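Participant: Chains as they are written, first to last, in my numbering: chain A, 1 to 207; chain C, 1 to 364.
Just so you know, these hints were derived from the structure itself, not from any lab. Every value quoted in this text rests on a predicted model; they were computed, and no experiment measured them. We put the CB at the ideal spot given by N, CA and C, even for glycine. Mixed in with the good hints, there may be bad ones.
Which bits of chain C does chain A cover? Going by a derived footprint, with three or more residues having C-beta under 8 Å, they are [said to hold, decoys possible]:
hint: 1; segment: 296-306
hint: 2; segment: 318-326
Facing chain C, a subset of chain A residues (Cβ under 10 Å, in silico) [to be verified]:
hint: 3; residue: Met9
hint: 4; residue: Val20
hint: 5; residue: Gly24
hint: 6; residue: Pro25
hint: 7; residue: His32
hint: 8; residue: Asn79
hint: 9; residue: Glu82
hint: 10; residue: Pro83
hint: 11; residue: Ile84
hint: 12; residue: Ile133
Negatives, chain C to chain A, calculated, CB over 10 Å [stated by the list, open to error]:
hint: 13; residue: Thr106
hint: 14; residue: Ile162
hint: 15; residue: Thr182
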Amino acid sequence: MLGDLAKGMAVTFRRMIDTVFGRGPITIEYPHTFREKPQRFHGRHVLNRYEDGMEKCIGCELCAGACPARCIYVRGADNPEEPISPGERYGFVYEINMLRCIFCALCVEACPTEAITMTQLFEMSTTNRADAIYTRDELLIDSDGTPHHMFPEDPLANLQELVNADGWMRATAPQGRAAYTGVVAWTPSAGVGVRDPEPPQSADEES
Amino acid sequence: MDAFEIWVTVAKVVGVFGLLLNVTILLVWMERKVVADMQDRLGPMRAGPYGILQTVADGLKLFFKEQITPRKAELAAYLLAPALAVVTAFSLFLVVPIGRPFTVSTADGLREITLNAMDLNVGLLFILAVSSTAVYAIVLAGWSSGSKYPLLGGVRATAQAISYEAAMGLALVSVAMYTALTYDSGGETSLSITSIVAQQQGTWLGFIPQWNIFPLFIPFVVFAIAAVAETNRAPFDLVEAEQEIVGGFHTEYSGMRFALFFLAEYVNMFTMSAIGVTLFLGGWGGPFLDDIGGIPATLLSIGYFFAKVLVLIFVYIWLRASLPRMRYDQLMDLGWKRLIPIALGWLILSTVVLAARTFGMPWS
């Protein structure tokens with residue numbers, strides 16, 4: 001019994017020494033410091049723009065069709081005299097209900113123009129249900145690439161993280177085909193330009 | 001007792017009060033920090049530098065919270081219990097000397113001022129008496145709340161306190177025996193804390209301090225275990241086991257009344273460590289005290305005292321972070337089948353040795 005006791009006490013003492021002098025604590029002071037999130041973190045969506053300020057969304061509603069939670073509502077409309085998107089149509093109404101969204105990123109996969117991507121933002125708490133429905137104005141990034149934030153004054157608003165959009169489309173050689181290594185299959189976005197490719201993944205590394 | 005002594009005693013009592021309040025604030029913070037370190041967490045960080053003011057903030061919050069009184073509560077006992085818990089917790093510390101006595105020159109000549117509020121010649125007895133009274137606070141709180149979980153906590157407290165009070169008393173008697181055996185107290189009884197500390201000054205062979213822990217290691221272990229059980233701390237915190245009986249005796253207490261129990265728990269923890277240091281680890285004793293002398297030696301001895309107390313408190317916290325709560329029957333087994341026989345056996349042994357030393361062998 002005493003041996004077990006000593007063993008248990010040794011574990012806690014070792015952890016303490018390790019925390020104080022070694023690797024440090026696992027937890028962080030969250031609102032003051034942020035954890036570095038994975039490149040493909042599935043956070044809040046944004047609607048991207050081209051570098052000339054044109055919206056990438058063409059109102060095709062493929063994202064709404066792909067959505068398993070049916071949380072996206074899109075209504076396309078013909079471009080007006082001053083075109084909003086380079087295509088024939090644009091997303092006239094674009095709403096995502098974040099209460100229903102399961103953050104699966106199937107909309108990102110479905111999008112033919114890389115208009116909708118996911119960011120690393122996850123602080124989306126609201127005080128009522130209506131605020132949880134993100135409309136077109138809230139989803140669209142500004143012409144300088146800064147995404148809109150619901151509460152920019154909020155201490156939790158970390159606008160810097162919004163720039164790091166989802167890397168799924170930038171994945172190079174996803175199946176390990178050497179011909180695509182380092183190739184960015186991605187149109188340039190406003191404020192960011194052509195995003196850097198992800199570190200190449202080869203079939204050897206995968207296994 | 002003249003006016004000077006009265007004023008000095010008043011100052012010392014106020015000093016003990018202030019000391020224990022501040023110590024509690026730091027102790028709660030220290031416990032949370034140490035446990036956090038052992039669990040790879042940060043612990044409180046927001047209130048003050050490294051969260052050191054967290055306890056102050058919590059205390060203020062509790063101070064302004066509503067104090068709910070259950071309809072079925074026995075009001076007199078319900079209100080008395082938290083006060084009793086705090087009074088016993090604070091008065092227990094009065095007999096513990098925290099430093100070397102020093103002399104001041106007054107109009108009547110040199111006066112010696114001891115650094116315990118009351119220099120009782122039955123200090124050891126006082127410790128036992130008051131720490132037994134402290135149990136009443138918990139039992140009364142559990143019974144008077146008029147609710148089932150506090151009642152269970154109170155019943156557990158009764159059984160646990162009786163079991164471990166006996167073991168602790170026997171361990172303390174061993175100390176008194178040993179002091180009587182080895183120390184010529186010059187008329188003082190060996191129950192006096194001052195003479196117990198004085199007996200532990202000096203060294204064996206020039207470098208081993210003459211602390212009671214070396215000859216009385218077994219009573220020290222018994223005392224340490226019983227002290228953890230007495231203060232109802234993990235792994236013996238069955239009295240307030242949150243997972244089983246909500247909060248035990250303090251389930252129905254809120255606001256400042258709960259804060260008083262909380263305060264009493266941490267004051268008890270500090271006091272038990274201080275008593276352990278005083279009785280077994282040489283009290284305020286340490287090297288170089290006689291070489292320096294005067295007020296600096298007193299300050300240094302206070303430093304020694306708190307350093308030793310801190311070590312024991314760390315062990316308390318370490319135990320809490322490491323060990324799961326004991327089962328009730330294991331608790332009783334440990335108390336009655338292990339600790340009390342061990343302490344009793346040691347007591348008989350030391351009685352025989354003391355008698356042989358005093359009266360000689362029966363055949364001689």
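Participant: Identify every previously stated hint that the structure contradicts and give their numbers, smallest first.
Facilitator: As far as the earlier hints go, 1, 8, 9, 10, 11 and 12 are violated by this structure, in ascending order.
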